[in-house]
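If you read the sequences in order, they're chains A and B. Take 1 as the starting number for the first sequence in UniProt numbering and just add one per residue. Take 1 as the starting number for the second sequence in UniProt numbering and just add one per residue.
Misleading hints may appear alongside valid ones.
[Said to hold, decoys possible] Quick partial rundown of chain B residues pointing at chain A, CB under 7 Å, derived from the structure:
no. : residue
1   : A437
2   : H466
3   : R467
[Said to hold, decoys possible] Here are some chain A residues pointing at chain B (derived, C-beta under 10 Å):
no. : residue
4   : A61
5   : A69
6   : D93
7   : V103
8   : Q127
9   : T128
10  : L129
11  : K168
12  : T181
These aren't lab readings, by the way, just hints derived from the structure by calculation. Virtual Cβ for every residue (Gly too), placed ideally from N, Cα, C.
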Amino acid sequence: MGVPGAIQSIERAAAILRLLASSSGKLGMGEISRSLELAKGTTHGILRTLQQVGFVEQDTASGRYQLGAALLHLGSSYLDVNELRSRSINWADPLASRSGEAVRIGTVLDGKVLVVHHVFRPDDTFQTLDVGSLLPLHATALGKVLLAWDAAAAIVAVRGELTAFTRKTVTKSGLGRALATVRESGWAAEAGEYHPEEAGIAAPIRGHGGLVVGAIGISGPTERVCDARGRPDPTLIGYVRDAARAISRDLGGLRT
Amino acid sequence: MTESYVVAIDQGTTSTRCIVFDRRGQLVSVQQREHHQHFPRPGWVEHDAVEIWRAVQQLGPRTLRQAGIGPEQVAAVGITNQRETTVLWDRHTGIPVSRAIVWQDTRTDELVSALAAQPFAPEVAVRSGLPLATYFSAPKVRWLLDHTPGLRERCARGDVLFGTMETWLIWNLTGGPSGGLHVTDVTNASRTMLMDLRTLSWDDDLLAFFDIPRAMLPSIRSSSEVYGRAVEAFPGVRIGAALGDQQAALFGQTCFAPGDAKCTYGTGSFLLLNTGSAPVRSTHGLLSTVAYQIAGADPVYALEGSIAITGSLVQWFRDQLGLIGTAPEIETLARTVEDNGGCYIVPAFSGLFAPHWRSEARGVIVGLTSYITKGHLARAVLEATGWQTREVVDAMNADSGLALRSLRVDGGMTADNLLMQFVADVLDVPVVRPMVAETVSLGAAYAAGLAVGYWPDLADLRRNWHRAAQWLPSMDPELRADEYDNWQRAVERTFDWLRPKAS
């Protein structure tokens, strides 16, 4: 019997992973269910779930199981950034078309936002691709989304120096409350906090199990992104959140 | 105005899709269905044309339902299709005489060799713009005539009809056995090897050369005009366009001016250059083809260069070598190193296509030293696509006398920034990705919308096109020249690998 309050299927999943880790070769479904005295149906369900999240791999020829590559990379990147771009590209383009603004997708890298994808503002003016560039976490909508659902990054950010890019840039004392608001509303905005005349809106991209793997957002002149009182346009918020949900659904991060 | 949308049917090699577009060229809804690939013998590839028609019958209403619209709100339907794939069917029953022979099918290998030995053979490329090869429709029709008892007589009487996929679909959409229209468009007809590229009509000498009766052929129409109204799938809707898939992508990319070019990067890649109102005969291994023709206007021609192995080299790297888990990870791996470390991969897996056309060549990896890591190999994989593009562009510049000013790109591999930058670097021109990824179906929708006045003119379509990304060349010219030289020397090492069989 397990510890009171423990979730049985997680205990069983852990046992399967330990079994696979200790075995020298690959194991068949029957062997696993016999070793752990689990019903085949239960074992199959857990293996399939572990396979979906990448913790277990099934050999296509023999049908036998082994530990998955995702377990080995558990400490590093969860989702390859180029994979994230590739999976987002068909949703980022329509977001730029609908909103009329530039679109960026970002992930956290060393206390900054790493831009992994960039779609031009659809007005055919000269613009430069800034994939690979770094943005401040605390002063951008993308960054606030990433901080809001990444406790470790948020702690580091609060301990460090928060550069005041403008007089509107969020301060150390205000960041905690700002991030709580983001978590509550499910999106983040920024108006004149990085560049005086620019604003942005962003929402989280979720992968398996709801883990936030990145943020997608638009940015442009404040007068286009926000109303006269500096509040972000609800229609644009809707577009951004729709795009974020669509990508999350494709990544298996939302139940449909 | 209630007619607010245009529909595209994209009949591809592996699946069929129906897509609804709005006036701004934005995708409103899409439905897709795969069809079976039949491989009855080595080298044979077949499709069931009835299965494909049933898919269209199903997808049509579904796509409209998903968009929340009825057929009365659709201004026109445009069709784009896998090219060259050949269907023969009984005009009285609508039943195909056999499965369709797909463009990839190489059963006509020996037939093509035999035809190539005939005195008229050199004239085929002059008239049709195409080299004698198994891909095109004429050898496939001839093969069916030769291998089906009594078929030639039924064809000569007009009881059995020939069509590529757009012809088959239009015939069925417009009523099939009861009054179906038997038509093709100039772009698809230009891939049969039976059409004179200049007159845009079936050529008697080519028909005689392939021994194909004229009675079985559809009438050739422009790519953008109302052929008729659908009675099936989209009842009452006008059918306003037909274009081969690569020509549709060129149209969807709004490459309307001579010198405009696009490259679609998929498992293989297709580069098409608009060459204007006269066909350019290639002396550098490219195909000459019709790009499009709008009703009442002069045809526009294109040069086409196809590269057999581009995305499929990344798939090979993933599936056969297992060095990456997903295709996009190739970029991550390639970025672990600064350059290719002196390593080059030439993926001549089944010979080299344009501009070399060396069927006996086989792939090589050269420049291996103990210094080379999997990161260098990943670079070499991506660079192979860049250099193959450069070779085709060089051939096009030489043939057309037009110097490429920029390259418009689409397809899955455009998500790879390292590759797109490399393509810009080796071509020394800007590489531009448009906002709408679905250029093939968009091209068919554009041509159909144009035919019914939904969009007024080409300039209006061009205004719908927006840049989503642009990569500017930044490679040192000396480095570019050195690397190209290395690549070309690597290519030479693939030649003459297969030895002729001792007979």
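message: Restraint: H466 of chain B near chain A, CB-CB cut 7 Å. Satisfied or not?
response: At about 4 Å, which falls below the 7 Å cut-off, the nearest Cβ of chain A leaves the hint on H466 of chain B intact, so it holds.
query: Should the interface hint for T128 of chain A be scored as holding, given a Cβ-Cβ cut-off of 10 Å against chain B?
result: holds (8 Å)
Chain B contact restraint on Q127 of chain A - CB to CB distance below 10 Å: holds (7 Å)
query: Was the hint right that A61 of chain A lines chain B, CB cutoff 10 Å?
result: Constraint on A61 of chain A not satisfied, violated at 13 Å.
field: Restraint check, 10 Å cut-off on beta carbons, for K168 of chain A near chain B
entry: Not OK, violated: K168 of chain A not within 10 Å of chain B, min 30 Å.
task: Please verify that hint: D93 of chain A, Cβ, nearest Cβ of chain B, below 10 Å or not.
output: holds (5 Å)
query: Is the shortest C-beta separation between A69 of chain A and chain B less than 10 Å?
result: Since the shortest Cβ distance to chain B is 6 Å, the answer is holds.
- request: Have a go at the V103 of chain A hint: is there a Cβ in chain B nearer than 10 Å to its own Cβ?
  value: holds (9 Å)
Status of the L129 of chain A interface restraint (C-beta, 10 Å, chain B): holds (6 Å)
- prompt: Taking the least C-beta to C-beta distance, is T181 of chain A closer than 10 Å to chain B?
  reply: violated (32 Å)
- prompt: Once the shortest beta carbon distance from R467 of chain B to chain A is found, is it less than 7 Å?
  reply: holds (5 Å)
task: Please verify that hint: A437 of chain B, Cβ, nearest Cβ of chain A, below 7 Å or not.
output: Holds. Min distance 6 Å.
Taken one by one, the earlier hints fail for this structure at numbers 4, 11, 12, listed in ascending order.
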